[in-house]
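With the hints as your guide, set chain B onto chain A.
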Amino acid sequence: MNSLIPLLVAVPLAGAALLLLGGRALDRFGHWLGTLAAAGSFGIGLVLFAEMLGRPTDQRPVREFLYSWIPVNGFQADVAFQLDQLSMTFVLLITGVGTLIHVYSTGYMAHDERRRRFFGYLNLFLAAMLLLVLADNYLLLYVGWEGVGLASYLLIGFWQHKPSAATAAKKAFIVNRVGDLGLSIAIMLMFVEFGSFAFGPVFGAADDASEGKLTAIGLMLLLAACGKSAQVPLQSWLGDAMEGPTPVSALIHAATMVTAGVYLITRSSAIFDLAPDAQTAVVAVGTVTLLFGAIVGCAKDDIKKALAGSTMSQIGYMVLAAGLGPIGYVFAIMHLVTHGFFKAGLFLGAGSVMHGMNDEVNMRHYGGLRKYMPVTFATFGLGYLAIIGFPGLSGFFSKDKIIEAAFSKGGTEGWILGLCALVGAAVTAFYMTRVMMMTFFGEKRWQPDPETGEEPHPHESPKVMTLPMVVLAVGSVFAGALFTYGDAFLKWLEPVTGFEEGHPPIPAAAVTVLTTVCMLAGVGLAYTMYGRTRVPVTPPVGSALTRAARRDLLQDDFNHAVLVRPGSALAATLVWFDSRGLDGFVNGLAATIGGVSGRLRRVQTGFVRTYALSMFGGTLVLVATTLLMRSV
Amino acid sequence: MSYLLTATCAVPAAGAVVTAALPAGNSEARRRTTKAVALAVSAATLALTAVVAARFEPGGPRYQLTESHSWIRSFGISFSLGVDGIGAVLVLLTAVLVPLVMLASWHDSDPAPAPEGSFEAKRRTQGFFALILAVEAMVLVSFLATDVFVFYVFFEAMLIPMYFLIGGFGDRAGGPDAGKQRSYAAVKFLLYNLLGGLVMLAAVIGLYVVAADQDLATFDLPTLTNAIADGKLAIDPTAEKALFLGFFFAFAVKAPLWPLHTWLPNAMGESTAGTAVLITAVVDKVGTFAMLRYCLGLFPDASKTFAPAILVLSLIGIVYGALVAIGQKDIKRLVAYASISHFGFIIMGIFALTSQGQTGATLYMVNHGISTAAWMLVAGFLISRRGSRLIADYGGVQKVAPVLAGTFLIGGLATLSLPGMAPFVSEFLVLVGTFSRYPAIGIAATFGIVLAALYALLLYQRTMTGPVKPRMEGMPDLKVRELAVVAPLVALTLLLGVYPKPLTDMVNPAVDATLSQVHQTDPAPAHPVAATTGGEHE
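Residue numbers (numbering that gives the first Met the number 0), protein chains in the order written: chain A, 0 to 631; chain B, 0 to 537.
Next up, chain B with everything else stripped away, as it sits in the complex:
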């Protein structure tokens, strides 16, 4: 048994503890040590996930590098980890984004001028970076767990560091009541997700009771899903629906799906840009990931029953999120609503129950992570220069900071899924996968691409073009550190747009397995032409 996956999760966890325990202090030197340690830990984690990805064989069994350490024998709970293609790409996404988020947030935890010497000022930097590493560790376990209970525990536990990140570290661009707004956002985040988690807990226990009833007292995910697929574990349809909804509710809050989304704009708006990226690009992905792995795997029939309703909700989310984004006055809230629209696409792809839809949804999770990170972090750089989140306070930035404006445009173009960039690949797959089973919904969803162009380009126009606004002259362009954050994100967006094959090779088999769990095959073309593979047709 290899300990690679455990190590991958343990490194950031240990790093969090070490970072938190580093000597506190307000001095520049101590803060720099803290940051260096945290960044090194996240780099080490990235290296480990690269090993995981390299060892992963796309053609091999579904779960690889598996390991299991018994935990609570009496309930059949074990600390089991394993990676499949879907988990692998999300683990990679997480590991790539965390160091960049740290680098982008380099000064966000530095003491503000006022509370010098206070307790908070002393602990801020250590706390901030420790919390980020803690989130990373928990997210990684969530993507790698193959035990339902282990997943649940970490899915929930993630709320604790996130709560403190949102509530404790704002972007310093809010109004006079920023502190109040921030704690409101943090509490709202917590309440929503806690409620989802509690409902899920009931469903987790319910699942165990049902399984134990049929002599399958285990939380082991492969055992449960295989038993369900073989018919060895038969869940009463009514119970299955209830359990499905219990799981789905928690994931729909996390993702978030309309109308459970209203915590996201507050949380993303009030927190630092780095934290906002952690929320939307990493933590929320656990929700959509879990829909794919847990909802579909454990409750295939209920998934099919509820799929049309979920598709309608996700369609509403796509259009609604985009429209509300168009009407926003606050840059970060605009990005948040754009994300809500994108989560609609992801969930739509999952529940269209086609291989294009699900591969598209998985790629979407990755691509949305990368592109939104680029967009949001550059927005953060902009906001930190002017100290305002209001779109109306900006104008003419391209004249004074052309590189900043250019990268912001690239982030916006990625967000509107410009062909040639990664999000286009995933968005088109989701659309085509949905269209092939539900043509009307697929067509309606394409209106989202027009609206996306509107909110992305309106934001660019209002902030970056036109005459230079007052207090904008002399605004410095991106610094080296900031370029180091944006450059890899832009490079990945382009690379995965023209050559997504390394990802699709990993994801496709896992999607096949998921679809066979729900006994779904893709709709066949009406008049299929001879199968075409890589350049064979002539």
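If we strip away everything but chain A, and leave its shape as in the complex, we get:
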């Protein structure tokens, strides 16, 4: 049965190869081929899952060695897979949501002439993401890690003829590379410390290493996680990534790839548990980002960018939980899965809205759409209730547990984290209600297409698009309750991540009540501002904070001032130095030695050429002489 594991990766990889290399002949049915590959991988995942459930807990993790990848003295990298409960969770999420989004895309991309290529990239993404979560060592994980980055690059820039899309794609890749630098260094540190970077050996020996070394490894892993999961300070790419087609935003930039950082930290729990300083850094990053993303989400008028801010913020919750150690890992992953459902659903809903509104993304140009798109409204609405943590829905259970764990951190720190998480919950409710109100309620603010002058005629999307939305809505509603019923999710994951009961300074029930109160406050405020008041078509000037939030809290201005501009200046200076300074010096030297009057251009004239050729002649004579000497 273990031999099925490589197939999980191989099936979508084969799909990608076929779709990208296959010619036009595949254009007609290529999208279904891609969907079939995704579904096939999901099917294999289900088989493996059923099989895993059939085994006693201690025998659930399995390992499948394929071949020795890079064997060099003392350095052993294998292509080997590990399937344990954590990987299994991801496999089902990736392939399950992935398949739904493939189905959705057959409708969404129906009129794109490069549809086959789009599905090829989606399949490539699935293969890379599965490799990431199935690798049994960090170097192989790295391949998946950058593989998803590549797929993300290709898909963000899918409409490459738009300069903004091409720029966004490049930005995402470069910012992620900065994070990847962290992963590289972490692997090198592990190699020097343990002589290995495979999960089992490293985690087994982590006890022997000094705390300082483990902290360094942990911080480098955190850097990697920041890049992939768009956490502060490497968050700036995610908003721009919304240039990609909306199914991409749903799958890659909401449900799966961006959560890879949370996977990395949870997977490396053996290291983080022994490095409290690194954990503190993780917690800090998560907390800052959950507020940062939420604030940005409040100010955006672009529906996808508002949702992107939300994604950042929700992943901030997960990172915060993962940084709390054994009291948080399980809940980080639980929120990751429920978020996968409702955020993917929300993005698909946004895509459905855009589909019916001439690709309009500005929510100020929406309004009153609930009557025109009832299914989209209902599924989006359920996703909305799930994300704000409406009692009984998925987000309620998973987010509540994280806030409780944050309080349980203990001491002043626990209070700060808990309160920040509570504020975040209120802000989440605010911005999501704002999205909901501006899009589906109020009066129509529809604008004619600026190019064609065509009035929008909002309509419900076809079944291939609404069906995945319905499935995800069902998940958004029930997943949380299902996971917490009898602590099912906890019992499932605990053998891998470990678990400690948290002890919040206030009763758990009080935390739940507080969370709900905060949520209601957020909803109420947003309802007053956007539900009961008319939404202006042109955005009001807004406060300084609003204006800053619209500019993503000045992240790009900061990066430009600190990195891009000095970097470009340095490159320009070096280009000058290379041709005038270094080369000028050498040319001058050569000219002087050559007895030519130090004028650069004379090197280019026949003089020096003759000189050089005569030197050659000399060498030839030398060789000829030695050849002749043989007879001597």
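Hints are supplied without guarantee of correctness; some may be wrong.
[As the list claims (entries may be wrong)] Covered by chain A, per the in silico footprint, the following chain B stretches (three or more residues, Cβ under 8 Å):
(1) 35–49
(2) 351–364
(3) 501–515
Honestly, the hints are just simulated from the structure, not real lab data.
The C-beta atom is built at its ideal place from N, Cα and C for all residues, glycine as well.
Using the frame of chain A, we list chain B on its own:
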């Protein structure tokens, strides 16, 4: 004694002579005959090197298939050849690339419209292909020679055909002063390398004098290195340092190492894309290869002494090359500066003196050859369509020529060492091998991977994406011939990325031997876990 290695070198050499002697003429038919003959010769050479690789036993003695033909007895010079694992993979690289370069340059030597009927027009095609074969023959001897003097002669002689290739055959995309620029580039190439060669000649003679002094009047490399390792040949430390620097200088110019690199952008920029690939992917590798074999083998103590300084220079090269690449306006010069950055990695891997570093450096030579060839040759195809090397003249190519754009992206991704592609394996090995001995330098070098992403993706973005620029509409996509060039390179890049073991199996023993010559062992892990080999740990 087998003559396999001699044959491997003699076939392209003879091919060069035959090609040059083919009836000259301007007719299409004659040119086609010339090209077919040259391509057949390079294919035959590839077949011979495949036999060499197949006969090579990774577990066997260091030098295999050895042969020796006495040459200048009075000086202990013999035409000795032998192949070790490092030489073997580089010989393979050379033999694989040359036919592809020929195929890519198929029309580069065709007479330009203007000088019809001139002497140059008549001789161009014969000359171009003969020169390529001559370079191949000399490079092969350099990789296979086990005699210091023989190596020196061919290392130097290589300059002659290269000089004419650079100076005589441009890419027809330069400005009005292209001819002037080209001869400047050729002369600069020649002067730099000649200077390096002359310094090396002095060191070669010096080595002979020192050895002869101790009754070891020979240029035979294994004899010399064994004698040095056994202590039978003791070179005075000061003399050793001087001799080391003499050899190293020549190799550092060839490789090239910062700050001796400035000839490379001119040479690669002005010559044809095929010649540029010959320079950076093949000829320059002789420099890094020679550092491994000659500098470390002959002067182990001096190598260790100078290693930190060389590492700093290579680190500067990595960052500097990448930064200058980012600022380039010319596609081919950008690729050249990217290569300078990559040569920094190769030299760093060699002088980190760890097995990961050196195996990584050797693989790097191969992988850089393949990936840069793909990147540069596609760039050449692009340039030949528009007649400009300026990045600013391009835009939106992916819309009109998606296959060209796609392969160009793959070349760029390989250059930025995307995991899953061959260059990642070698770059990571170099980094980890350097980090284990010099952590600060290793970490600083990782910044190179961010910069590489910048220059590679910026180039792609500026040329291939966005709206279609004027004079770009109707640009044809890759032709069958061009696809035949790129497809094997892409396939190799992917194959060696996921399964580099055939190469590491060959290279590892040679690296062990090199490291034992310099008496270096790898730094041990602080808290080693039980040795893990292929899937044993559970």
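Right, here's what the structure says about each hint:
1. 35–49: That given contact is violated, which follows from only 0 residues of the region 35–49 of chain B lying within Cβ reach (below 8 Å) of chain A.
2. 351–364: holds (count 4)
3. 501–515: Our answer is that it holds, as 5 residues pass the Cβ test (under 8 Å) against chain A, meeting three.
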